[in-house]
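Protein chains: 2
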Amino acid sequence: MISRVCVAGAGVIGSLFAGHLARVAEVSALTRRQDHADALNAGGLRVSGRSDFTVGIVASPDPASLPEPDLVIVACKGTDLEPVAARLEGHFPGAVVMTVQNGLGAEEIVRRHGAWPIVSGVTFMSGTRHGDRHVEYILDTETWVGPWEETPEAAAVEIAELIRASGLKAEAFPDLRPAQWSKLIFNATVNAVAALTGLPHDPHFAAEERPSDLGFLVHDLIEEGTRIAAAAGIPLREDPWEMNVLATRRGSAHYPSMLEDVEAHRPTEIELITGALVREAERHGVDAPLHTALYRLVTAKEASYS
Amino acid sequence: MISRVCVAGAGVIGSLFAGHLARVAEVSALTRRQDHADALNAGGLRVSGRSDFTVGIVASPDPASLPEPDLVIVACKGTDLEPVAARLEGHFPGAVVMTVQNGLGAEEIVRRHGAWPIVSGVTFMSGTRHGDRHVEYILDTETWVGPWEETPEAAAVEIAELIRASGLKAEAFPDLRPAQWSKLIFNATVNAVAALTGLPHDPHFAAEERPSDLGFLVHDLIEEGTRIAAAAGIPLREDPWEMNVLATRRGSAHYPSMLEDVEAHRPTEIELITGALVREAERHGVDAPLHTALYRLVTAKEASYS
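In the order they appear, the protein sequences are chains A and B.
Quick note, the first sequence lines up with residues 2 to 307 if you use my numbering.
Quick note, the second sequence lines up with residues 2 to 307 if you use my numbering.
Chain A on its own, in the form it takes in the complex (with noise of 0.2 Å):
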């Protein structure tokens, strides 16, 4: 049973995290600055859009100033997660500990600093951040958990569980790696096309019709990133595609935080998503040229700040 949980993160989406559960649990924050936890401590976290609402939590810098969790959900992004889960090394050893970034690889990340059983998710949820205590819900879509190597499933059918009961969408699977796969080709894809491009996730996204279309490249990179899935054993829960040509078709067009992270000049997620991908199919053998290529733009991107 779960009544006590931390969020480690209070960035978009562990705000949003943080701001539902405190409906349905006695929530944490683990925040990166002291005047950050301050805020939230004196006036609440506030959460508009979808949801209307603003609860208490407490909120700190350091976790031996919170009380002990039942589950910490890491909500950081990939770029943050190790500093995060060194700080988190030692703490909270009754816990279970939720990943939620993009790509692949952070529960090993987390494992390096302690033996918490590790349940992984992957959310769809979006947000704006409106400053330190009002986070606007964006896009209501769910968050998929699954047990991670030898947590028990019940572990995440219970996180599901209180998701939802905080007025969240969660579904949970005996295997997230279906569902981690499918978004992990759709991300590779769409982030770093985005990053490069300047481009929001838009309709040139599924346009196929003149040679120079940006829809054949899309394309060509799900297909490249099936077979590596394929080659993985990993059957998709969904097909990237479709879920590219639906998201291109909503009204207003997401702006990829891939390309927020360029535009700002601030690393970006493309070793977790993009170079998680292409050392799986040099590990299983499979040509992946296209996102390759990706992969080492990006990466110069990054090196062009300076």
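Calculated directly from the structure, the hints in this document are not laboratory data.
As the structure is a prediction and not an experimental result, all values here were calculated from the model.
Virtual Cβ for every residue (Gly too), placed ideally from N, Cα, C.
Mixed in with the good hints there might be a few duds.
What the hints assert, rightly or not - According to the in silico footprint, chain A covers these stretches of chain B (three or more CB under 8 Å from chain A):
{"id": "1", "stretch": "157 to 171"}
{"id": "2", "stretch": "217 to 227"}
To be verified - Across the chosen pairs, the derived CB separations fall in these ranges:
{"id": "3", "chain 1": "A", "residue 1": "His-285", "chain 2": "B", "residue 2": "Gly-286", "range": "27 to 35 Å"}
{"id": "4", "chain 1": "B", "residue 1": "Ser-307", "chain 2": "A", "residue 2": "Gly-132", "range": "27 to 35 Å"}
{"id": "5", "chain 1": "B", "residue 1": "Ala-265", "chain 2": "A", "residue 2": "Glu-150", "range": "49 to 57 Å"}
{"id": "6", "chain 1": "B", "residue 1": "Ser-307", "chain 2": "A", "residue 2": "Arg-33", "range": "31 to 39 Å"}
{"id": "7", "chain 1": "B", "residue 1": "Gly-132", "chain 2": "A", "residue 2": "His-285", "range": "52 to 60 Å"}
{"id": "8", "chain 1": "A", "residue 1": "Val-287", "chain 2": "B", "residue 2": "Ala-231", "range": "20 to 28 Å"}
{"id": "9", "chain 1": "A", "residue 1": "Val-246", "chain 2": "B", "residue 2": "Ser-307", "range": "20 to 28 Å"}
{"id": "10", "chain 1": "A", "residue 1": "Met-2", "chain 2": "B", "residue 2": "Pro-212", "range": "42 to 50 Å"}
{"id": "11", "chain 1": "B", "residue 1": "His-266", "chain 2": "A", "residue 2": "Met-2", "range": "56 to 64 Å"}
{"id": "12", "chain 1": "A", "residue 1": "Asp-240", "chain 2": "B", "residue 2": "Arg-51", "range": "55 to 63 Å"}
{"id": "13", "chain 1": "A", "residue 1": "Val-287", "chain 2": "B", "residue 2": "Gly-286", "range": "21 to 29 Å"}
{"id": "14", "chain 1": "B", "residue 1": "Pro-212", "chain 2": "A", "residue 2": "Asp-63", "range": "47 to 55 Å"}
{"id": "15", "chain 1": "B", "residue 1": "Leu-140", "chain 2": "A", "residue 2": "Gly-50", "range": "31 to 39 Å"}
Chain A is fixed; fit chain B onto it per the hints.
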């Protein structure tokens, strides 16, 4: 005997030709803007940098008001070639027309507007524009010329001699295509990669150590281009990989024009350069997945301007 030259397009390359050639011939310039012509007519053209002089030239946006030339050097960017060639239509029936645009296909565009003998050119010169009347000569590298289709080789030889007499470097070839294709493959690779990554042509383009290094992609792109040339029956005059490595070892990194174009949100030469290479691949039945990917990415980047 060439005694009058008209340079059509007085940007950097056109101004470098006009300025130097005015020391050995009567030079006119076909400009786009009347005020550009007025400034040149009033004060002459200054060349600084590796050369240093000011010369008088006759300029106008109207070819009918320029003296009849023996040679027209069409020196505009590839993206402006169609309108410039259209303005030449019906004029200068006794002239030889020389193209120096990047990529492939400039000669065919000129041919659609007149029956002039055509000489193909490739130039490696570079400079910086400091105003309507002032261009700085930076890289004093060669211009290569050769006869196109039925044009006698002697026309190309005479043009190369004139360019050399003016103080620039030039060489004539019986068949320009081996040189033109070397530069095509180099340009298709370096320009598109620079435009997508934001990197000038710096040592990243030759780095081949870590799996994410850009040099591996540059190498693969050049090998793909070389396979297309082989299928088209064109032996390369220079190894584009060697051209790349040498260029990245110069002191200051060159800023490829396609990178300048995307930063200024201008149309790029992607269709004439990478688009031409991709169409040659298709025509000769060779796979070109990497150049095709870059072709679609840069085209999509242009679509992101609006």
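Structure-based check of all given hints:
1. 157 to 171: n = 0 at 8 Å, threshold three: violated.
2. 217 to 227: With 3 residues closer than 8 Å to chain A, the stretch 217 to 227 of chain B meets the three-residue bar; holds.
3. A:His-285 <-> B:Gly-286: 27 to 35 Å: For A:His-285 and B:Gly-286 the Cβ distance comes to about 30 Å; the hint holds.
4. B:Ser-307 <-> A:Gly-132: 27 to 35 Å: holds, 31 Å
5. B:Ala-265 <-> A:Glu-150: 49 to 57 Å: Taking Cβ atoms as reference, B:Ala-265 and A:Glu-150 lie about 52 Å apart, which means the hint holds.
6. B:Ser-307 <-> A:Arg-33: 31 to 39 Å: Holds: the Cβ-Cβ distance is about 37 Å, inside 31 to 39 Å.
7. B:Gly-132 <-> A:His-285: 52 to 60 Å: holds, 58 Å
8. A:Val-287 <-> B:Ala-231: 20 to 28 Å: The hint (20 to 28 Å, Cβ to Cβ) holds, given that A:Val-287 and B:Ala-231 are roughly 27 Å apart.
9. A:Val-246 <-> B:Ser-307: 20 to 28 Å: Since A:Val-246 and B:Ser-307 have Cβ atoms about 22 Å apart, the given range 20 to 28 Å holds.
10. A:Met-2 <-> B:Pro-212: 42 to 50 Å: Hint holds: Cβ distance 46 Å, inside 42 to 50 Å.
11. B:His-266 <-> A:Met-2: 56 to 64 Å: With Cβ atoms ~57 Å apart, the hint holds.
12. A:Asp-240 <-> B:Arg-51: 55 to 63 Å: holds, 58 Å
13. A:Val-287 <-> B:Gly-286: 21 to 29 Å: Once the Cβ atoms are compared, 25 Å apart, the range 21 to 29 Å for B:Gly-286 and A:Val-287 holds.
14. B:Pro-212 <-> A:Asp-63: 47 to 55 Å: violated, 38 Å
15. B:Leu-140 <-> A:Gly-50: 31 to 39 Å: violated, 55 Å
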